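Participant: Order-wise, the sequence lines are chains A and B. Its first residue numbered 1, the first sequence is counted upward by one per residue in our numbering. Its first residue numbered 1, the second sequence is counted upward by one per residue in our numbering.
Bear in mind the hints are in silico, worked out from the structure with no lab data behind them. There may be inaccurate statements among the hints.
Covered stretches of chain B (in silico footprint by chain A; criterion: 3 or more residues with CB under 8 Å from a CB of chain A, positions within the stretch not fixed) [stated by the list, open to error]:
1) 4 to 14
2) 36 to 43
3) 91 to 103
Every value quoted in this text rests on a predicted model; they were computed, and no experiment measured them. All C-beta atoms in this analysis are idealised placements derived from N, C-alpha and C, irrespective of residue type, glycine included.
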Amino acid sequence: MTTQTSHIVVNTTINGEPTVFLANERDSLLEALRDRIGLTGAKEGCNNGNCGACCVNLDGRIVNSCLVMAAEVEGSEVRTVEGLADGDQLSPLQNAFLEEAALQCGICTPGFLVAAEALLEQNPDPSEHEIRYWLAGNLCRCTGYDKIIRAVQLAAGQGQD
Amino acid sequence: MQAVKYVRAASVDEASRLLQEGGEGARVLAGGTDVIVQARERTREIDLFVDIKQIAETMSIAYDAADGLSIGAAAPCHEIYGNETVRELYPSLVDSTSLIGGTAIQGRASLGGNLCNSSPAADGIPTLIVLEATVEIAGPNGRRSVAVEDFCTAPGRNVLESGEFVVSLKFPTPAAGSGARFLRFIPRNEMDIAVTNAATQVRIENGSVSWARVSIGAVAPIPLLVADAAAALVGQPLSDETIAAAAAASRAAASPIDDMRGSIRQRRHLAGVLTERTIRQAAERAAA
Ligand SMILES: Cc1cc2nc3c(=O)[nH]c(=O)nc-3n(C[C@H](O)[C@H](O)[C@H](O)COP(=O)(O)OP(=O)(O)OC[C@H]3O[C@@H](n4cnc5c(N)ncnc54)[C@H](O)[C@@H]3O)c2cc1C
Ligand code: FES
Ligand code: FES
């Protein structure tokens with residue numbers, strides 16, 4: 001096929017706000033979030049499902065937004081890392097990441113935050129094994145993971161959610 | 001990404017019509033964890049995604065003792081291993097669906113997609129084979145069913161004809177005294193493609209194996225049903241000897257290739273090891 005562009009209108013809810021956006025029909029959700037909506041929290045690491053930097057919450061479960069078509073979120077609810085903080089007030093999980101120094105370059109951090117938040121929502125007191133298993137699809141090239149695991153444990157211990 | 005169009009099919013008939021009109025370039029979009037990557041990397045020429053997830057039948061999971069279990073082709077792994085009936089009666093489906101990718105992949109990836117992608121290393125298919133799953137297919141000429149072991153024909157190829165797609169997978173209720181287990185070997189703990197995988201279901205009555213199925217994957221162009229492995233078990237009490245004979249049958253059935261994940265020799269060896277382990281662990285589940 002030639003590179004004809006056809007635009008589509010997508011009605012969705014993003015971080016609690018009803019949102020209508022215009023996207024290219026071939027856009028992934030990640031591309032739509034970053035390039036059309038201006039939410040650049042979700043990152044493109046691999047663009048093939050392996051790194052988790054693009055993790056967002058779609059209708060209550062985490063997905064890799066690079067493997068979701070933008071058109072698929074019509075009528076759905078999307079939550080991104082931008083929805084975690086309440087204004088200037090960071091969420092307990094975000095604070096725990098700062099306290100435990102769970103990030104260096106920060107590329108992986110939005111994905112880890114969204115994924116860990118979803119874990120704590122369904123399992124407020126996860127074991128270390130459960131945390132590691134849940135986050136196995138999120139890669140980090142800087143921290144060596146231990147600090148990330150400790151941050152999630154700290155947030156869980158503080159009764160996050 | 002190629003200039004892919006996207007359509008949500010509202011019904012089985014509409015999906016089938018769109019797929020037929022779209023020809024070779026039209027593809028079902030279930031969880032997208034294989035097909036979006038293929039469209040992006042242009043390993044397949046794709047110009048139309050037909051999203052089947054709005055069709056209730058492709059998303060539902062239902063069970064009754066008479067008809068058994070039905071899993072919508074597009075139901076994500078997360079819903080499958082989260083389902084109480086599946087956890088209780090079909091734990092081998094939990095083995096498979098909780099190993100496919102990580103959490104974010106499992107939020108989208110489906111068993112129908114795993115089957116229709118028809119990879120020799122697919123982690124869903126050996127389990128479907130030993131559970132005697134039937135593939136429910138809809139198409140321009142109505143519906144038909146195919147035994148899952150007859151579905152894949154070559155790497156990336158299967159029996160689906162133009163306009164056809166998989167609506168659901170059906171599983172008989174496990175007989176009393178039966179148990180099933182799936183295992184795979186990968187070099188790390190999670191998130192990798194199987195070097196070899198295997199599943200076994202056994203039924204044990206009065207201390208002896210009355211029925212068995214063994215399937216091995218990533219050791220041939222398609223996942224294999226190893227009839228000789230089952231034959232080595234049936235009609236006798238489970239013993240080290242019968243298990244060793246079944247493992248030898250799996251090694252003999254394997255015709256693996258060398259690639260970056262494993263050698264022919266390693267894969268053949270693993271086919272035996274995983275056959276043995278899945279038999280023992282299936283028997284433990286049968287006894288539980
Ligand atoms: C990071 C990552 C890790 C992965 N790990 C694993 C793993 O550990 N084990 C494993 O087995 N796989 C793995 N996969 C591959 C993939 O996730 C699985 O094969 C998954 O089950 C595919 O399901 P899906 O719903 O996403 O399929 P899709 O990508 O939507 O579809 C796959 C193919 O099947 C066709 N199709 C889908 N549904 C139907 C239908 N109902 N009727 C007809 N055709 C259909 C599509 O057109 C496409 O050709 C991984 C993928 C990624 C990206
Ligand atoms: S960018 Fe989506 S998983 Fe890496
Ligand atoms: S902090 Fe750099 S990749 Fe995780």
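Participant: It remains to establish, for every hint, whether it holds in the given structure.
Facilitator: The hints, checked one at a time:
no.: 1; hint: 4 to 14; verdict: holds (count 4)
no.: 2; hint: 36 to 43; verdict: holds (count 4)
no.: 3; hint: 91 to 103; verdict: holds (count 3)
Violation of the numbered hints given earlier is absent; every hint is satisfied by the structure.
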